[in-house]
Amino acid sequence: MKHFPSSVRNWDNSIFSYNKNTLPLIPNISKLALKIIRNYFYLYNKNVERKLRRKALALRFRKISTSRIFLSKGEFKHTNNKVIITLYIYNRQKNNYLLKLKKRYLKNFFKKTFSFKKMLDITSLKENRLANRLILLKKLRKINTKGFEALERINMFRPNILKILRELNEKNEINKFLAISKYVNKFYKKLIKKSYRKLIIYMYYKQLIYINKSKFNYTYLQYLKNKLQLLFNKNIEFNFINLKYFYLNSNILSESLLLKITRNRRGLSKFLKKIEQKVKIQKKRVVIGELIEKKNLNIKPYFDNKNLLESYIINNLKYKHITGFRLEAKGRLNKRYTASRSLQKVKYKGNLLNFDSSYKGLSSVLLKGNLNSNLQYTKLNSKSRIGSFGIKGWVSGN
101 MKHFPSSVRN
111 WDNSIFSYNK
121 NTLPLIPNIS
131 KLALKIIRNY
141 FYLYNKNVER
151 KLRRKALALR
161 FRKISTSRIF
171 LSKGEFKHTN
181 NKVIITLYIY
191 NRQKNNYLLK
201 LKKRYLKNFF
211 KKTFSFKKML
221 DITSLKENRL
231 ANRLILLKKL
241 RKINTKGFEA
251 LERINMFRPN
261 ILKILRELNE
271 KNEINKFLAI
281 SKYVNKFYKK
291 LIKKSYRKLI
301 IYMYYKQLIY
311 INKSKFNYTY
321 LQYLKNKLQL
331 LFNKNIEFNF
341 INLKYFYLNS
351 NILSESLLLK
361 ITRNRRGLSK
371 FLKKIEQKVK
381 IQKKRVVIGE
391 LIEKKNLNIK
401 PYFDNKNLLE
411 SYIINNLKYK
421 HITGFRLEAK
431 GRLNKRYTAS
441 RSLQKVKYKG
451 NLLNFDSSYK
461 GLSSVLLKGN
471 LNSNLQYTKL
481 NSKSRIGSFG
491 IKGWVSGN
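Numbering-wise (the working numbering), the sequence shown opens with residue 101 and increments by one.
The set of hints was computed from the structure by calculation and includes no laboratory data.
One should not assume that every hint holds.
Here are the simulated DSSO-like cross-link-like pairs (lysine-lysine), alpha carbons at most 27 Å apart as the crow flies [unchecked claim]:
| hint | residue 1 | residue 2 |
| --- | --- | --- |
| 1 | K151 | K120 |
| 2 | K200 | K146 |
| 3 | K430 | K447 |
| 4 | K492 | K378 |
Start from the sequences, fold in the hints, and give me the full structure.
Right, dumping it as structure tokens:
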């Protein structure tokens with residue numbers, strides 16, 4: 101069977117209406133709309149982030165930070181009364197916040213007390229007050245046991261003091277001895293201060309995660325929608341597709357590399373190697389049975405069994421797996437401030453061949469610019485202090 105890709109793959113705008121007055125303006129309006137959408141998703145809370153950083157992040161570094169919500173090129177479908185905007189999204193900012201929480205704070209304080217998923221399930225904790233009390237008691241017990249373990253470690257080389265502390269702790273008679281009780285109270289005050297500080301930081305991170313999630317809620321999206329409606333003079337409908345991996349879209353893959361090079365052009369080779377390691381490629385095996393043309397296209401036997409029908413549809417979907425990628429960086433990428441020639445570096449993994457045309461012998465459709473239908477192509481440019489450079493990215497699927 102010959103596969104025909106959607107018209108949006110050929111052009112960023114597909115128009116199912118005709119108005120000769122607005123047609124010339126659509127490319128410029130689409131660019132402006134995409135710029136507004138990007139600025140909306142790049143919003144941040146300066147007051148909360150300042151509390152988590154020792155030094156304030158300069159605006160020029162924030163613009164090239166990779167901790168953001170990455171967006172692909174917009175696909176606009178125009179009808180008489182509506183514009184459907186499709187965007188592929190990779191939320192790296194949310195992943196970074198969750199990773200920091202898991203590594204630095206939750207692992208140390210809430211290990212064996214309750215799981216990481218329960219901590220994030222705020223609604224269930226609010227509904228059940230008894231569960232909140234039990235969790236609080238477990239926290240206090242954890243701090244108590246942790247504090248006594250720390251005291252034991254401090255006094256490990258003084259066996260007599262350690263023995264006395266153990267005996268007094270078992271009998272609950274530490275308060276009778278003034279010097280020991282002062283020492284223990286002072287230690288617990290320091291421990292509680294540190295615990296309190298870490299819990300506050302945890303709350304700040306939770307607040308940032310909530311701000312990140314709220315960008316996709318209708319309550320905030322309606323303001324963006326109203327602005328775009330004034331621009332297009334039509335109703336707006338959003339179609340957001342969340343990507344699990346950043347390399348599933350060539351625009352997001354190229355943009356992540358572009359930002360890293362703009363920040364530090366000396367690490368170009370290292371960045372390319374890391375991307376090569378992260379990208380997982382599906383190795384396609386050529387089966388002789390697949391090369392033979394199948395004449396029977398009847399799917400009625402699958403209707404009775406839902407599982408068979410579902411597997412049949414999924415198996416016949418195109419471009420489910422990544423089979424290869426190619427990244428090419430070219431321009432003023434020298435390590436020093438010299439007037440030397442431009443550099444070119446290429447990283448390649450897998451292959452960019454179209455499986456249908458290369459192996460099965462089927463004719464494949466070409467997109468604009470003689471681009472194969474299985475490829476995504478992106479061309480971006482940026483500049484550093486010593487000059488400009490460009491990046492080309494290809495991602496192949498099957």
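Hints versus structure:
no. : hint         : in the structure
1   : K151 to K120 : violated, 53 Å
2   : K200 to K146 : holds, 18 Å
3   : K430 to K447 : holds, 12 Å
4   : K492 to K378 : holds, 18 Å
Of the numbered hints listed earlier, the single one contradicted by the structure is hint 1.
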